[in-house]
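Student: The residues making up each chain are set out below.
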Amino acid sequence: MAELYTYAVARIRALEVALFTSSTIEQLMGCKTEEQALQFLTEKGWGDADTPLNADAILTREREKIWETMNELGVDMSIFDVLSYPNLFHNLKAAVKEVCIKGEHQAAFYTDCAIKREEMLRIVREKDFSKLPEHMQLAAKDAYETLLHTKDGQRCDIIIDRATLDAIYEAGQASKEEIIRDYAEETVAVTDIKIAVRSQKTGKPLEFMKMALAECKSMDVNHLAHAALSGMDAICEYLTSIGYGGAAEALQESASAFERWCDNRMIETIRPQKYNAFTVGPLVAYVIARENEIKTVRIVLTGIQNDMPEEVIRERVREMYV
Amino acid sequence: MSELGIVYALLGAAVAVLLAGAGSSIGVGIAGQAAAGVVTEDPSKFAKVLIMQLLPGTQGIYGLLVGFIVLSKVGLLGGGAAALTPQTGLMILAACLPIGIVGLISGKYQGKTSAAAIGIVAKKPDQFGKAMLFPAMVETYAILALLISILAVTNIPV
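Read top to bottom, the protein sequences are chains A and B. 30 is the number of the first residue of the first sequence in this note's numbering; add one for each residue after it. 365 is the number of the first residue of the second sequence in this note's numbering; add one for each residue after it.
Please keep in mind that the hints were generated in silico from the structure rather than gathered at the bench. This structure is a prediction, so every number in the text was calculated from the model and none was measured. The reader is advised that the hints may include incorrect statements.
Here are the simulated DSSO-like pairs of lysine-lysine, each with C-alpha atoms no more than 30 Å apart in a straight line [claimed, not checked]:
(1) B/Lys412 to B/Lys487
(2) B/Lys487 to A/Lys94
(3) A/Lys170 to A/Lys156
(4) A/Lys324 to B/Lys487
(5) A/Lys145 to B/Lys488
(6) A/Lys223 to A/Lys180
(7) B/Lys488 to A/Lys160
(8) A/Lys324 to A/Lys230
(9) A/Lys73 to A/Lys324
(10) A/Lys145 to B/Lys487
(11) B/Lys487 to A/Lys303
(12) B/Lys488 to A/Lys223
(13) A/Lys160 to B/Lys487
(14) A/Lys131 to B/Lys488
(15) A/Lys160 to A/Lys205
(16) A/Lys180 to A/Lys205
(17) B/Lys409 to A/Lys180
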């Protein structure tokens, strides 16, 4: 039913007007102090009247607003599940560590997830993994046993991170929505590139990369892993040959340029949704765009808080959706 | 004389009104959903999106017009139905088909185009004039069908 999202997409179009453009980010960067920047954000409608004038409170409120809006649209919220996988799996990782290593890590949990901290901790503590979604069960059991027996936190992270990527990719493959398929493919491909780059820099062995890299259509992970073993030039050469030349250029520029490229790539992927009037695409794109916007504002605020030079902040500023 | 002729003629009027009206209601409904979405966030755009929503409503009016002409032609509005042969009744029915069928299809697609154009108004209200042209283009074909239906109905000898 093409008309299913007509109301929602039109409402999103009206909301897109309030999204920050590159020039709004420039104005934010022009603020000399954090207070000025926060004042600027509140003038733009960020936070609520009762939100304290501090960065965390305002940014948290903006994240909440995204999902409040989506809930009001009256669409099937399960279409957004794939976007919550990274946070959900992160909560699993935090719970496994808290149970196995002992100690409080409350700050490490995301609160806006389907499975909250207490429930996740109970599942892991009681080894009741069947209560988790199917795509999490095996990874949860494996990560828990690995950390319990080997105390190897990195191996535990790899198991869960790999399961996250596999879950995203599977959700993309199973989805009828083009935007979800594109999101899944790009997320897995870009994360694979990040893993290969970091593995090359830290001299990780082939076995490590084979365990961490998730399969996707855009690239041959085996080839990528072998390129990472050969060196950064080999990675760049391979990336250029498969259409990720932008990543190669960013890698040669700097680490922060590469991180920026990774986020910009996702914005480029969702950008065609600006011209789509009847599918779920603009809704998903709006959520990603808002998260990107909040991330960029956080980067700018952190830069201002730490008196970082403008060019250093500018190098990290992401492209905006609108 | 059999009354089959008048039945066919009435069927023609019904087809014109029903199909074109259905097309308009579908179209206005689609555009209305988009209009509601925009007004939820920005009530100041109510007037502009209302005009956009109403654009697919014309097919229903065209159907109604053809229906009236048919009723008038066969004398039903004047109180005395003309004695129509089945052939004449079928000719009137055939004359009503263009506005009925084109009204249905164009109404639906004009509604979709209006909904998309409402997206333009939501983001760039100053481009209202250009945005209105896109759904207005679909109207062309409803007008052509209306023209043929009117010409045909009025020129059928009764």
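Student: Now tell me if each hint is right for this structure.
Tutor: A quick look at each hint next to the structure:
1. B/Lys412 to B/Lys487: The hint holds at about 12 Å.
2. B/Lys487 to A/Lys94: holds, 20 Å
3. A/Lys170 to A/Lys156: holds, 8 Å
4. A/Lys324 to B/Lys487: holds, 24 Å
5. A/Lys145 to B/Lys488: violated, 41 Å
6. A/Lys223 to A/Lys180: holds, 25 Å
7. B/Lys488 to A/Lys160: violated, 48 Å
8. A/Lys324 to A/Lys230: Judged against 30 Å, a Cα distance of about 25 Å means the pair holds.
9. A/Lys73 to A/Lys324: holds, 16 Å
10. A/Lys145 to B/Lys487: violated, 37 Å
11. B/Lys487 to A/Lys303: Satisfied, since the Cα-Cα distance of roughly 11 Å is no more than 30 Å.
12. B/Lys488 to A/Lys223: Violated - the C-alpha atoms of A/Lys223 and B/Lys488 are around 38 Å apart, more than 30 Å.
13. A/Lys160 to B/Lys487: violated, 44 Å
14. A/Lys131 to B/Lys488: Outside the cut-off at roughly 55 Å; violated.
15. A/Lys160 to A/Lys205: holds, 27 Å
16. A/Lys180 to A/Lys205: violated, 41 Å
17. B/Lys409 to A/Lys180: Distance of about 60 Å is beyond 30 Å: violated.
Hints 5, 7, 10, 12, 13, 14, 16 and 17 from the earlier list are contradicted by this structure; the remaining hints agree with it.
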